[in-house]
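J.: Produce the complete structure using the sequences and hints provided.
One line per chain: the protein sequences are A and B, in this order. Quick note on our numbering: the first sequence kicks off at 16 and runs consecutively. Quick note on our numbering: the second sequence kicks off at 16 and runs consecutively.
Simulated from the structure, these hints should not be mistaken for lab results. Treat the hints with care, since some could be wrong.
Remember, identical chains collapse to one label, so a pair may be satisfied in a single copy or spanning two.
[As the list claims (entries may be wrong)] Pairs of lysine to aspartate or glutamate residues, derived as EDC-like cross-links and limited to a Cα-Cα distance of at most 16 angstroms, are as follows: (1) Lys401 - Glu546; (2) Lys538 - Asp173; (3) Lys388 - Glu543; (4) Lys223 - Glu247; (5) Lys146 - Glu514; (6) Lys481 - Asp524; (7) Lys584 - Glu346; (8) Lys86 - Glu543; (9) Lys584 - Glu21; (10) Lys146 - Asp136; (11) Lys308 - Glu378; (12) Lys405 - Asp196; (13) Lys337 - Glu125.
Protein chains: 2
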Amino acid sequence: MTNQSEMTNYLQTFVEGMISSGVEQAVISPGSRSTPLALLLHRQEKIETFIEVDERSAAFFALGLSKASSKPVALLCTSGTAAANYYPAICEASASHVPLIILTTDRPHELRQVGAPQAMDQFHLFQSHVKEFIEMAIPEGTNVMLDYAYWQGMRVTDTACQTPKGPIHLNFPLREPLLPDLNQSLSVERQTEIFAGQKQLSEEQLLKCVAAWQEKKGVLVVGGSHTLEEAEVFIELAETLNWPIISDPLANITSCSKDSSLIMSYADLFIQEVEMKLYPEVVVRFGMLPISKNTMLWLQSLNETTTIYFVDETGEWQDQLKQTQVAIQAEEQIFAEAITDKIKTKTSDSWRNQWVDWQETTEQQLAELSEMKTLNETTASILVHKKMAKNGQLFVSNSNAIRFLDRFTASENNHYHLFGNRGINGIDGIVSTALGMCAINPDRQNVLLIGDLAMYHDMNGLLLAKRYNLPLTIVLLNNNGGGIFSFLSQRQLRPDDFEPIFGTPIDLDFSLVAQLYGADYVKAESLEQLELVLEATQKQPKFQMIEVVGNRQENVLLYEKVISGLKEKLGKK
Amino acid sequence: MTNQSEMTNYLQTFVEGMISSGVEQAVISPGSRSTPLALLLHRQEKIETFIEVDERSAAFFALGLSKASSKPVALLCTSGTAAANYYPAICEASASHVPLIILTTDRPHELRQVGAPQAMDQFHLFQSHVKEFIEMAIPEGTNVMLDYAYWQGMRVTDTACQTPKGPIHLNFPLREPLLPDLNQSLSVERQTEIFAGQKQLSEEQLLKCVAAWQEKKGVLVVGGSHTLEEAEVFIELAETLNWPIISDPLANITSCSKDSSLIMSYADLFIQEVEMKLYPEVVVRFGMLPISKNTMLWLQSLNETTTIYFVDETGEWQDQLKQTQVAIQAEEQIFAEAITDKIKTKTSDSWRNQWVDWQETTEQQLAELSEMKTLNETTASILVHKKMAKNGQLFVSNSNAIRFLDRFTASENNHYHLFGNRGINGIDGIVSTALGMCAINPDRQNVLLIGDLAMYHDMNGLLLAKRYNLPLTIVLLNNNGGGIFSFLSQRQLRPDDFEPIFGTPIDLDFSLVAQLYGADYVKAESLEQLELVLEATQKQPKFQMIEVVGNRQENVLLYEKVISGLKEKLGKK
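T.: Encoded structure:
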């Protein structure tokens, strides 16, 4: 029989293992079976704990903490459906490579498959969406089992942090009594050091790339999430090669402080409209495809005269165009820096100049439109980007919000960090993920750009802002429904088919939502007013909601107007 | 290549298959990949569709529809994390045997494992919590494939409805273009008839039971969900045997119109306090254990002088006490009726009388307490039970709400149907499940009894009430936190450990929640006022929230006062 003291030792040693490999934060959802682990985490000085009743929001909050801190984060819940609520965030963590350590607690073996209350099969609960599933042993206090508990805590946390990073699930069968012995020492005694190597190419492999790229007409295409530091390295590489760089907001190319006319903002707008006399000889892709569908179609249109390089450390072959001819499996930043060092001569300026022309023509076209001078969802999104403070953090929601930024914003040299959930692009959990981001740097400007459906989907997450005084500024683009569908083929449908299934207006008064959770509320009436409010957030972060009332149809008309203007200006009819 | 017309035929034929086996309702969450199925379901006259943006609430709503209609219900969502949001409701459906047909849509094979947007591995997404996982073929229009589509729709729906009922998951890979051909005939042309047999004992097996039970000192223990009709059959059986019947609210024994002094309401209060001179010779259990922990402990204390029969059609051996000596694998109602017909002589009245005495003593003890005459969470729960109209529907949440009803309510002869989510007993999805129940019989009195944490957890579900004008009366027991933990061992903790992890006050003004979703709001100030409001709901159902402000500590004190009074009255010290 295991007594309270043995259980406490065993679980405490497991926690020490997690701490040794870098866990500093844990998000706990209340429950009975999880009591001993909850109390040990809560009492542990080296771990900051957050409590959230809704496990779905709790898991997305942990995702946000880990994204903004680049550290592994632990999650803890009780047995039963509680754990199933983690699933959406786990799928996103798996796809976007975020190291979450998911701790579920369970009935012990003798209470399984017998109809015990709040019990269900938790083995492999998250299927292929975790890197590992581990059923822990029933707590025992022998040295062998303490070593085992420590080892698992240390090992799984490190495994979650190895490339490709991702979530790991541990299931703890626990017997009653569930109260741990809190009089024991809970100080951390064990530690293991890890020197982690990274994938790097050999000198010979690097020189092959240099030979193939130097002086060629090339394009860098950077997708996926990148840090500001990585973004600057990519721009440096583009400048060294004299190649245009196409990316999207998540790559942080337009939000880092390095400016360059090679940064092809607006690529989504012009790339399908230009008369491309010369196709690139080389395309070098880093990470996933950028979000722009037009960029994807342009890449797809390239023929065998273009050689496609795909730099992907994970080796997961995530190239949906299946064009990769040279796969470079190496850490991206180290690789980019190594190449930059070795390139001796640039590609000719004529190659660069045509790209810069297209980009500038697009900028002029945008400047001419009266719609760009009044408040709407597009201009509000642009303004958010412009008004981000140095070292601020912006979380951008899926569907329309990120597309507005991708299509319409250029480099502002303001050096802020943009985050999103672009692993699987769900509209779920956005509020909680943004609040996790905010909790890592609450003293900075923290902004969330989000639509009304995503806001509604994760409204529960706002309780975290209320409980932990998280000063997030929410810019709510409210077009009362699913604005993205007005851009897709579904728009061809009859209104009586379209509105109930795709339009889905929800008619919520979001000022009440703000009031419910204690956020300040402002309805933006003009661009000037929005500008003032956003400027204020740079100096004085606070929990507030700024509602921008949009119109689904207007967004589409503006986009179409830009495209038709560019068709004229850029030559394609 | 499959064209739009072929895809339409294939999916339409699948829908016909589902209709043939009984699907009449579908809950759809908006998305792009699911477009053709969404439109076909929406346009299908034989299927009533509901739309809900939050897939978690959508799935629980479907669960409620199926629970109240006893029919299979289809669920549809797009690819990605959308489907993962279904998981909590699917786990509950699996454990409480509810036939949901889960349709997820997916990228086709050529867009899998390649980093395509909004794509993830959806194979066996719900692990062991569905009866089957089926990857459908890419739509094709040949006769062979139309037969296949029909057969799968018909077969899986029937399979979901076979004992033990449960959810089934079908994944549809769909290629663009995603718009179906809506000009084709969408009328239902195929149908298959099903004559479903049920497990019944042989004459010889029945006579063995009769011989073993007749004139013996026995107890019927009925747990799990039962219809009013089944409940009446169980009471008839108890009367025929002259045995007490112990159950819980979900069994609907105290809410059906058949009254009997053998119905042991209050068993949770008295069963551990009585001096039981004679242990039963026979215990016959139907379904899961009742929710009362004291009843469970009493059963556990029985020794080999008691023979335990366990009637369970599913054959799943869900007996957490592992006491079953005779397992009866037969349909419960048919079995109970057959036994009732065969019993010739009753057990002596002395056996019955001691149980009736205990029950009456408890009733007196409750009547003496002043706390039972003022408004608190306990008396509010009792009043809800008393004020349910004939054929009304009550949904009761987990944790405290169902325990208040179980401990403190007796038969009122009012014939209403009580529902709950007692498969895994989560506090998630309660609002949506109750609204699903309400949507089946919106003209009747529909009430939800729920605590504040469960209310918060599924607040999003309220959008369904707003959109579909569902006249649910919500009685909110608001003790500002996790009231159940004040009854458990966690109460021994220091306040600075208890409150943040278990107490978890959320400090929400629920009148704002009511306003947000368009519900009328009343704060109950007295029992008399609450009575009037509840009586009004019998005549005029409407969407409203009645808040009863509770106190976690008071609930415990009242319970302890009852128990200590009974200790004195019933002899155990």
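J.: Hint by hint, note whether the structure agrees.
T.: Status of each hint after checking the structure:
1. For the identical chains of this complex, Lys401 and Glu546 are intra-copy neighbours only, at 9 angstroms inside a copy versus 58 angstroms across copies, given an alpha-carbon limit of 16 angstroms.
2. Taking identical chains as interchangeable, the C-alpha atoms of Lys538 and Asp173 are never at most 16 angstroms apart, the minima being 46 angstroms within one chain and 52 angstroms between chains.
3. Taking identical chains as interchangeable, the C-alpha atoms of Lys388 and Glu543 lie at most 16 angstroms apart only when both belong to the same chain, with a minimum of 10 angstroms there against 60 angstroms between chains.
4. In this homomeric assembly, Lys223 and Glu247 never come within 16 angstroms of each other (Cα to Cα): the closest approach is 24 angstroms inside a single copy and 83 angstroms across copies.
5. With identical chains, the CA atoms of Lys146 and Glu514 are never at most 16 angstroms apart, being 40 angstroms at best within one copy and 34 angstroms at best between copies.
6. Taking the closest pair of Cα atoms, Lys481 and Asp524 come within 16 angstroms of each other only across two copies (13 angstroms); inside a single copy the shortest separation is 19 angstroms, beyond that limit.
7. In this assembly of identical chains, Lys584 and Glu346 lie within 16 angstroms of each other by CA distance neither inside one copy nor across copies; the values are 41 angstroms within and 76 angstroms between.
8. Taking the closest pair of Cα atoms, Lys86 and Glu543 never come within 16 angstroms of each other, the shortest separation being 39 angstroms inside a single copy and 56 angstroms across copies.
9. When the C-alpha separation of Lys584 and Glu21 is checked against a cutoff of 16 angstroms, the pair qualifies neither within a copy, at 76 angstroms, nor between copies, at 42 angstroms.
10. Taking the closest pair of Cα atoms, Lys146 and Asp136 come within 16 angstroms of each other only across two copies (13 angstroms); inside a single copy the shortest separation is 19 angstroms, beyond that limit.
11. Proximity of Lys308 and Glu378 under a CA criterion of 16 angstroms is satisfied in neither setting, with 20 angstroms inside one chain copy and 70 angstroms between copies.
12. When the C-alpha separation of Lys405 and Asp196 is checked against a cutoff of 16 angstroms, the pair qualifies neither within a copy, at 47 angstroms, nor between copies, at 52 angstroms.
13. Taking the closest pair of Cα atoms, Lys337 and Glu125 come within 16 angstroms of each other only across two copies (10 angstroms); inside a single copy the shortest separation is 50 angstroms, beyond that limit.
The earlier numbered hints that this structure contradicts are 2, 4, 5, 7, 8, 9, 11, 12.
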